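**Q** Listed below, chain by chain, are the residues.
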Amino acid sequence: EDQVTQSPEALRLQEGESSSLNCSYTVSGLRGLFWYRQDPGKGPEFLFTLYSAGEEKEKERLKATLTKKESFLHITAPKPEDSATYLCAGPRGGSQGNLIFGKGTKLSVKP
Amino acid sequence: GAGVSQTPSNKVTEKGKYVELRCDPISGHTALYWYRQSLGQGPEFLIYFQGTGAADDSGLPNDRFFAVRPEGSVSTLKIQRTERGDSAVYLCASSLSGLLADTQYFGPGTRLTVL
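If you read the protein sequences in the order shown, they are chains A and B.
For the first sequence, position 7 matches number 7 in the numbering used here, and the numbering has no gaps at all.
For the second sequence, position 13 matches number 124 in the numbering used here, and the numbering has no gaps at all.
One or more hints might be untrue.
Heads up, simulated DSS-like pairs for lysine-lysine below, C-alpha to C-alpha not over 25 Å straight-line [as the list claims (entries may be wrong)]:
#1 A:Lys59 / B:Lys126
#2 A:Lys63 / A:Lys79
#3 A:Lys68 / B:Lys189
#4 A:Lys42 / A:Lys69
Partial chain B-side listing against chain A, Cβ under 7 Å, derived [said to hold, decoys possible]:
#5 Tyr144
#6 Pro154
#7 Tyr159
#8 Ala165
#9 Asp167
#10 Leu207
#11 Gly209
#12 Pro219
#13 Gly220
Chain A is nowhere near these chain B residues, computed Cβ spacing over 12 Å in every case [claimed, not checked]:
#14 Val123
#15 Gln152
#16 Gly153
#17 Val179
#18 Glu182
#19 Gly183
#20 Ser184
#21 Val185
#22 Arg192
#23 Ala212
#24 Arg222
In short, the hints are calculated from the structure, not lab data.
These numbers were taken from a predicted model, which means no experiment stands behind them.
Glycine included, C-beta positions come from ideal geometry on N, C-alpha and C.
Let the hints inform the model, and build the full structure from the sequences given.
**A** Below, the structure is given as structure tokens:
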């Protein structure tokens, strides 16, 4: 069964304390892994798409990496404004538009 | 440019009533998606349109749920005989082409509360 699992469910960091979020997927024939950021009361905001193992993408303090089985979202020297829920998703096997989302990691960064 | 917009932002209705939720995609995007998100969960796929036709409706939970996109732009999600379990945030997304791994851009959602 296609599945996307994120860990941890919640993460509390001090400002400047770097860490990583994990996304494990068991989607047959993965054809893209997406990372989104979601603020309370808002829709998910696109961050990255990764297509193949070994690929890395960066945006400000965020870097996403992809292996054959999992993806990591590394946060370097986070700031309070990085506080949000981070979601990862992959296309369901055999479908083009049907994304399977994980439950997300709720990140809190304290000043 | 303008992003995906959804109306209303909030909808409160009574059990058994009919509701319509509207989505305006990004101009020029041919693919449109509906998801449902419950508290503490990730979005759950409902239906995907390529142009005017539903390319994948495998996520619609039952026949009370129906969606249309008659002119290939605006879409309406229709829910008949609403139940308390339908309460959730309904998210709409659009993408340029709907091709494999095309980036989906989300709207702010409609929060539906069924009393």
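**Q** Confirm or reject each hint.
**A** These are the hints, each one checked on the structure:
no.: 1; hint: A:Lys59 / B:Lys126; result: violated (45 Å)
no.: 2; hint: A:Lys63 / A:Lys79; result: holds (15 Å)
no.: 3; hint: A:Lys68 / B:Lys189; result: violated (39 Å)
no.: 4; hint: A:Lys42 / A:Lys69; result: violated (29 Å)
no.: 5; hint: Tyr144; result: holds (6 Å)
no.: 6; hint: Pro154; result: holds (5 Å)
no.: 7; hint: Tyr159; result: holds (3 Å)
no.: 8; hint: Ala165; result: violated (10 Å)
no.: 9; hint: Asp167; result: holds (5 Å)
no.: 10; hint: Leu207; result: violated (12 Å)
no.: 11; hint: Gly209; result: holds (6 Å)
no.: 12; hint: Pro219; result: holds (5 Å)
no.: 13; hint: Gly220; result: holds (5 Å)
no.: 14; hint: Val123; result: holds (16 Å)
no.: 15; hint: Gln152; result: violated (6 Å)
no.: 16; hint: Gly153; result: violated (3 Å)
no.: 17; hint: Val179; result: holds (17 Å)
no.: 18; hint: Glu182; result: holds (19 Å)
no.: 19; hint: Gly183; result: holds (15 Å)
no.: 20; hint: Ser184; result: holds (17 Å)
no.: 21; hint: Val185; result: holds (17 Å)
no.: 22; hint: Arg192; result: holds (26 Å)
no.: 23; hint: Ala212; result: violated (3 Å)
no.: 24; hint: Arg222; result: violated (8 Å)
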